[in-house]
Amino acid sequence: MNRQTFRRELIRRWAIGFPWGAAGVYLIFLLGNLFTIPAPANGMIWVVSDTLSSRWGSPVTAALVQFLWSGALGAMLSMAGLPFLAERRTLLWSGLHLLLTALVFSLAGWRCGWFPYAETWMLLLGLLLLCYLLMWVIHWIGWRQDLRLLRLSAGLPLDGAGSSHKKDGVCLEDSTASHSSHKKDGACLGDFTATRNLPKKSQENSSALPEEQPVSPGRRLASYLLLAAAAELLLPWLLRAVDAPDVPVLTGLFYPFLILPLFAFFSARAAGKRCSWPWTLLYAVLCGLLTVPNVFLLYNDTALFQFWTAGIAALLGGLLGGLRQKIKS
Amino acid sequence: MGVKVELDPSLTEIEVTVRAPGASAELTALLARLDPPRLTVFRGTEAVLLDPAEILRFYGEDKEVRAQTAEEVYTVRLRLYELEERLDRRVFVRVSHSEIINWKRVRALDLGLAGTIRVTLDGGLAAYVSRRYVKKIKEVLGL
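Going line by line, the protein sequences match chains A and B. Per our numbering, the first sequence runs over residues 1 to 329. Per our numbering, the second sequence runs over residues 1 to 143.
Everything labelled a hint here was simulated from the structure, so no lab data went into it. Be aware that one or more of the hints could be misleading.
[Unchecked claim] From the derived model, a few chain A residues whose C-beta atoms are all more than 10 Å from chain B:
| id | residue |
| --- | --- |
| 1 | Arg8 |
| 2 | Pro245 |
| 3 | Leu282 |
| 4 | Arg324 |
[What the hints assert, rightly or not] In the EDC-like style, the derived pairs of lysine to aspartate or glutamate whose C-alpha atoms are separated by at most 20 Å in a straight line are:
| id | chain 1 | residue 1 | chain 2 | residue 2 |
| --- | --- | --- | --- | --- |
| 5 | B | Lys136 | A | Glu87 |
| 6 | A | Lys273 | B | Glu139 |
| 7 | B | Lys138 | A | Glu87 |
| 8 | B | Lys136 | B | Glu99 |
| 9 | B | Lys136 | B | Asp88 |
| 10 | B | Lys135 | A | Glu87 |
| 11 | B | Lys4 | B | Asp35 |
| 12 | A | Lys328 | B | Glu139 |
| 13 | B | Lys135 | A | Glu9 |
Cβ atoms here follow ideal geometry from the backbone N, Cα and C, with glycine treated the same way.
Taking the hints into account, I'd like the entire structure generated from these sequences.
Listed below in structure tokens is the structure:
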């Protein structure tokens, strides 16, 4: 990607992320009002913290300041995918972006009074890191699947470097292709090896793949399901281990209302790009079902809404992923 | 496909007649094997006719395009995009802005930590697949 394209993409993502960030923060505040006990007097709705209001003297100015900071945060978050467009030092750039986002988040939270306690700040930074880890893992799974497809098209085994496989293929064909007109220059040997393990139909065209997808959608989905199993079966236990015993904020609030739907949405979006609609639907159902064991082991039946949270988020993500792929293609 | 061999002592060289019910991919592949297209490359000022299958990769260097075989590096007087048009795209795959590789001579494909795919060609020659080209490659290869 050249500098001009990079700059254009940066501006585009900034412009998209800014309103989303501002809207997201105000939405959190609005939702917060619904759960405030006792309810605010005179039906007033708070969209800024008391700290920020008193700091700026007027709720309107405070709301404006918060708008700018939350917009900046949204813009930073929307640029999280930008390092993956770079050809080199992706992890370095992505790590740098994580640090910058954490900085903007901390500054925004400090200036807008979002963190009543230092623990809140630490907790949210931890969640930001977790989201990054999930993003990296989802990208990694996508790259692995691309690699598998390319290996298949090159006649290599799906896992491992595959040098020995091709050498074996050459030796076999060498003995059977002795009538080949240009065996002497060895040029056709590679052609044979690439087609050896493919069905007869594909041998008509040495470089084409068979019509039925050799890497089944089920296998493609398996990587995402493995990740979903880790996120939905193991993560709640990890969070419970570090959660406060009196008010389990991580498992009671952040996991079911933030981490779970975000994970389900983004992992399904990635899966939706690579799998067809029925498989995406299956992924959404399985995402929902994977929450059930912990509902009974870690929570109780009142947490069954997690099934719907994960399922619906995954369904929306899968639909969006599939739709984007269709538009692009 | 039926193969019929007629020995005729009056001939001075092998003569092949291909009879087919119509054009097909199989026929094209067979003809390509019998009479492979040649590519003119240069070793200094000397022009050399090369079977494209011998070429491991084409790459840009010093504002010129090079063709590398297992033994030698030649200069090609064509641009990479012209080579792309001229050669079989499913065999000679553009993997980056400056490189086309012979997909039939790939020995290994490995994934780097940052998602870069390293291609090892015959003789241990390494090339790198640009992530931006992965989608195009998949399209070209029909994946």
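Evaluation of the provided hints:
Every beta carbon of chain B lies more than 10 Å from that of Arg8 (chain A), the smallest distance being close to 15 Å; the non-interface claim holds. No beta-carbon of chain B comes within 10 Å of the beta-carbon of Pro245 (chain A); the shortest separation is about 39 Å. Non-interface call for Leu282 (chain A) relative to chain B: holds, since the shortest CB-CB distance, roughly 22 Å, exceeds 10 Å. Its beta-carbon lying about 13 Å from the closest one in chain B, Arg324 (chain A) satisfies the requirement of being farther than 10 Å from that chain.
Pair hint Lys136 (chain B) plus Glu87 (chain A) holds up; C-alpha atoms about 15 Å apart against a cutoff of 20 Å. Between Lys273 (chain A) and Glu139 (chain B) the alpha-carbon distance is near 14 Å, which keeps this suggested pair within the 20 Å criterion. For the proposed pair Lys138 (chain B) and Glu87 (chain A), the alpha carbon gap of about 18 Å is at most 20 Å, so the pair holds. The straight-line distance between the Cα atoms of Lys136 (chain B) and Glu99 (chain B) is roughly 14 Å, inside the 20 Å bound, and the hint therefore holds.
Proposed proximity of Lys136 (chain B) and Asp88 (chain B) is supported: the alpha carbons are some 15 Å apart, at most 20 Å. For the given pair, Lys135 (chain B) sits about 14 Å from Glu87 (chain A) by alpha-carbon distance, which is consistent with the 20 Å threshold. A C-alpha spacing of about 18 Å is found between Lys4 (chain B) and Asp35 (chain B), which places the hinted pair at or below 20 Å, so the restraint holds. Note on Lys328 (chain A) and Glu139 (chain B): the hinted pairing holds, with a Cα-Cα distance of about 12 Å set against a maximum of 20 Å.
Under the criterion of a C-alpha separation no larger than 20 Å, the hint pairing Lys135 (chain B) with Glu9 (chain A) is consistent with the structure, at around 19 Å.
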